[in-house]
Every structure is written in structure tokens, then in C-alpha cells.
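**Student:** Sequence:
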Amino acid sequence: MIISLDQNVISLLLENSPQVNPTWAKIKSSLIAGSSTGKIVCPIPYETAWESMPQSDYRYQQTKKLQTDLSLGFSFKSYVRLLGEELLALVRPNVNLSSFETGNWHGLCEHLRSAKDEFISVRKKVLKQMSAVPTNYANRELTLAELENLVHKQDSFDLYKNLERLKKSQALQPIRLETADICDFLRHNHISHDEIERLKQLVLQHKYKAIPIHFFYNRLVAQFEFDLLHGGRREEAGDMYDLPRAATALWGAQIYVCDAEMAEICNRAKISKLRTKPTIVISAKCPELFLQHLESLLR
Numbered sequence: 003m004i005i006s007l008d009q010n011v012i013s014l015l016l017e018n019s020p021q022v023n024p025t026w027a028k029i030k031s032s033l034i035a036g037s038s039t040g041k042i043v044c045p046i047p048y049e050t051a052w053e054s055m056p057q058s059d060y061r062y063q064q065t066k067k068l069q070t071d072l073s074l075g076f077s078f079k080s081y082v083r084l085l086g087e088e089l090l091a092l093v094r095p096n097v098n099l100s101s102f103e104t105g106n107w108h109g110l111c112e113h114l115r116s117a118k119d120e121f122i123s124v125r126k127k128v129l130k131q132m133s134a135v136p137t138n139y140a141n142r143e144l145t146l147a148e149l150e151n152l153v154h155k156q157d158s159f160d161l162y163k164n165l166e167r168l169k170k171s172q173a174l175q176p177i178r179l180e181t182a183d184i185c186d187f188l189r190h191n192h193i194s195h196d197e198i199e200r201l202k203q204l205v206l207q208h209k210y211k212a213i214p215i216h217f218f219y220n221r222l223v224a225q226f227e228f229d230l231l232h233g234g235r236r237e238e239a240g241d242m243y244d245l246p247r248a249a250t251a252l253w254g255a256q257i258y259v260c261d262a263e264m265a266e267i268c269n270r271a272k273i274s275k276l277r278t279k280p281t282i283v284i285s286a287k288c289p290e291l292f293l294q295h296l297e298s299l300l301r
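Under this note's numbering, the first residue of the sequence shown is numbered 3, with each subsequent residue one higher.
Don't take each hint at face value.
Keeping only pairs whose Cα atoms sit at most 25 angstroms apart, straight-line, the calculated DSS-like set for lysine-lysine is [unchecked claim]:
# : residue 1 : residue 2
1 : K28       : K79
2 : K211      : K169
3 : K41       : K79
Since the hints were derived computationally from the structure, they do not count as laboratory data.
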């Protein structure tokens, strides 16, 4: 059983406090027992390693140890890498499309741990920039389906435009954050002019939109924006970790345990209806439900 644990869930497990909920102590024991017998593996989400950096040294080491022990030596690949590999596989044979890679903790994050204060400063700067951007209510009259279609169109056009710039060795001009990362991934993997041209045509044929992990991500983005336009909260810095981590879990895990808000977004986005065997999404506010699944698995 592959289980993805949100960063805040790992923190709850570490607390093991009756004041929080004693069920988490049983969950932790079940996870450790399940991983020791090979029945459960909790690969490290790429975003969890990054999001853990602001913690105190003690808390960071505890988070790292528990997540590493439960991972059995595996990590989820980053969302951008997973999407980049799926995209490259459209025009190149024998691309490794596994959702996982070996490794107990991402070396980049460990290397940057000494720059924790700088990381926190950058995070605050991003939050300030996001807060300064006014909410655009121009799309408020759109239905959720129409808004999702618009997100896909904007996303595909942004990639198409920058693929052309990549082919001409021009500076990228991305509007969406992941577009720059995907183009960098393709460049790093020595994509040829012919492959770029074929990818451009496939983008026009909606093949980019149809990549499952990308489809999940855009549906979550559309749901979040729809909620915002109808009284929901504004985007926060943490969302840059939560949305790709959720999309990765919905694609690569059988159980995804996350905070209540993300669980509700996944529920409203109805992603479970898109798959024959959907990922079970469990809110951190429902530890008893999570424990039931674990105990059933370990019987």
C-alpha cells in the first residue's frame, strides 16, 4: 500500500499527544509496523522536504527520521519531473515513467538546511507579493467546467509559446510557473528541434492537457480559483507546495492523508470519479478513518 502523508500530518504523528488526539499514536505504531513488514510504504513527497526546512532543528530531524523510516528508501519524484517525463514520453521512447525514485531525503533540501533563515525570508517575500496582487473577478460568472477549460487553454498556450522560444534558443516568457520548470527539464534532457515541433502539435491536439497528473493539478487549480471567486480564501505561499503534492499523491498513491481544506478541495473537484481505482483522500481531522484503513490492511 502506497500512502502519501502531508507535511502537517507528519507533524501530528510526531507530537503523539493525547491533547491532540491519542489516535495518532496508534496510527504511528501501525505505520511503523506496516513499513517494517513491507505492507506499507510512505514515499517522501518532494514538497515535504522543502516545507520542513523552517522547522526547529529538533523538529526537522524528527520529521526527517520518521518520514525516512516510513519511506523504505523511496521518494516521490517532483511534480515537475513527473510531468516533464510524461511530456517527453509523448515524443521519445523508453522514458522512465515511474512515480518514485530511491533516496531517503532530498540532497538539495539537506544542503540548503544551513540557509534556513534565507529560505524563510524568500517564503515571506513570495507571500507578500501574492498578497499585493488583487483578485480578478472577471471570471466570476463562469461555471466550474468553463473555468477549468480556461485554465487548460491558458496552460497549453503558455507551453506552446515557450516551446517555440525554446526551439529558437530565445529567453522564455512564461506566464505560469510550471511552464518555465518544464522547459528547463526538457532542455536539460537535450530535447531536439524535431521533438519540440512534434510536442507543439501534440499540445494543439490536447495531449498535454490529457496527461493524468497534469489534468489532476489543473482541476485542483480550477477548483481553488472557483472557490476564491465565490468567497474562498486568497492564495497563500504554502499552496505552491500543497497543490503539486496533492496532484502527485492523487496520481501515485493509494491513500492520501492531508489537511481538511485540501481534502475538501479534492472532494469538490470530484477527481475520484475520473479513475477506476481512485486514491482514497482522508482528512487529518478524521484520524479514526485513517486508522481503520491501516488496521484493515495489517490484519
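**Student:** Please go over all the hints and tell whether each is borne out by the structure.
**Tutor:** Now the hints, each set against the structure:
no.: 1; hint: K28 - K79; verdict: violated, 29 angstroms
no.: 2; hint: K211 - K169; verdict: holds, 21 angstroms
no.: 3; hint: K41 - K79; verdict: holds, 21 angstroms
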